[in-house]
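A.B. asks: The primary structure of each chain is shown beneath.
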Amino acid sequence: MRAICPECEAEITLPEGTIEGEILTCPDCAAELEVVSINPPELALAPEVEEDWGE
Amino acid sequence: MTLDPVALLIRMLEIPSVSMHEAELAHFLAAEMARLGFESFVDEAGNAIGIIGAGPDVALLGHIDTVPGEIPVRIENGNLYGRGAVDAKGPFAAFICAAARLAASKERLPFRLVLIGAVEEEAASSKGARYAAERYHPIACVIGEPSGWDRITLGYKGRLLVDGVWEQPMSHSAGREASVAERAVAFWNEVAAHCEAHNQGRERLFDQLLPSLRSICTRSDGLTDRAELTIGVRLPPDIPPETLASTLAEHSHGGVLRFRDLCPAYQAEKNTPLARAFLRGIRAAGGTPGFLLKTGTSDMNIVGPVWRCPILAYGPGDSSLDHAPNEHIVIEEYLRAIEVLEHALRHLGSIPFK
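Heads up: the sequence lines are chains A and B, in that order. For the first sequence, the residue numbers in the numbering used here are 1 to 55. For the second sequence, the residue numbers in the numbering used here are 1001 to 1354.
It should be emphasised that the hints constitute simulated quantities derived from the structure, not laboratory data. A couple of the hints might just be wrong.
[What the hints assert, rightly or not] Derived coverage of chain B by chain A (criterion: at least 3 residues anywhere in the stretch with Cβ under 8 Å from a Cβ of chain A; other residues may be distant): (1) 1194 to 1207; (2) 1298 to 1310.
[Claimed, not checked] Which chain B residues stay away from chain A? Per the calculated CB distances, all over 12 Å, these: (3) Asp1004; (4) Glu1032; (5) Asp1057; (6) Gly1069; (7) Glu1070; (8) Arg1074; (9) Ser1105; (10) Ile1143; (11) Thr1288.
Keep in mind the model is a prediction, meaning the values are calculated, not measured. Ideal placement from N, C-alpha and C gives every residue a C-beta, glycine not left out.
Please build the complete structure, drawing on both the sequences and the hints.
C.D. replies: Rendered as structure tokens:
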């Protein structure tokens, strides 16, 4: 399974057993990527970690 | 069995449940969950427990106590007002509704859902969570706290409270000796300076020491002057509360310091089966997910280090309304969060825990 990095457009081979919601690192640009679809394989930039006051 | 999510939350808000006075609400919730087909009871700590399914445990842990402050329960412009609407009756009501939908669907999930309506989270004793931490051994846990319907909370800062007392024989203010008030203020200034130095180069609030002067006062009986203060410090993950307490003890200016409510920070992993299920759940409900780190504390700080399983906090609501006089939840968001929870729990059932 191959998908395109949305950050650098590198072609990434998804490991066997990859599932939706998994977070991967692009081997070319090191961007953190979320697997948003398996069929067809599709990657998006992983959610940023924001900060928030409170509980 | 029918369940009106808004009616459930209204009823929960109408039953006051300030910390250590949660019994009426706990029994109401146990009865409501029994009506929905859950195995339910109030445990020895006073927690309202609801259980459905079979298999390894997945814990949905929310707190049912609130801070004081009565807010008339009402709906205005699509917002439901009431003490605890976001912190955290709304999130726990969402847990019940999502679990009830899964139960009603007759879908067989490969885990046992354990809903824990915990007591005394706001009292800092965290009695309910501490009891549950020893009682259960889940493979995953969702903490019910307001993250917003499309956000997932991964961590909470730690906390340390310091009570300081300075006493000395009363003297004339024209004398050369520092007053007790000055000694107390000097201690606060050193705490603030220590935190500021620690925070150099640390951009994220989550990585910083955040001090706050909670109270300070002086008094005198004509013979002895006395100054008292209370300081709270929010801690990053790399500073255990005991370590900070030892450091601060060296700067007491002759005062007597008491350290309490020591609670280490906790940060969960984001690449877990549980987080994946929630990412999918939020996207399935039409959202773009995000992760949060919070400056406050929650029951995640208590059960996270014990259970050491995939964990996150999730729930509808704007946490800036926690403890606020206008605390309310947007009904549309509350309903959306139930949808996300239902999706996420269903996804969780399909994901291998690798």
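A.B. asks: Now look at each hint and say whether the structure bears it out.
C.D. replies: Cross-check of the supplied hints:
{"no.": "1", "hint": "1194 to 1207", "result": "holds (count 3)"}
{"no.": "2", "hint": "1298 to 1310", "result": "violated (count 1)"}
{"no.": "3", "hint": "Asp1004", "result": "holds (27 Å)"}
{"no.": "4", "hint": "Glu1032", "result": "holds (24 Å)"}
{"no.": "5", "hint": "Asp1057", "result": "holds (21 Å)"}
{"no.": "6", "hint": "Gly1069", "result": "holds (16 Å)"}
{"no.": "7", "hint": "Glu1070", "result": "holds (20 Å)"}
{"no.": "8", "hint": "Arg1074", "result": "holds (23 Å)"}
{"no.": "9", "hint": "Ser1105", "result": "holds (21 Å)"}
{"no.": "10", "hint": "Ile1143", "result": "violated (10 Å)"}
{"no.": "11", "hint": "Thr1288", "result": "violated (8 Å)"}
Hint violations for this structure: numbers 2, 10, 11, all remaining hints satisfied.
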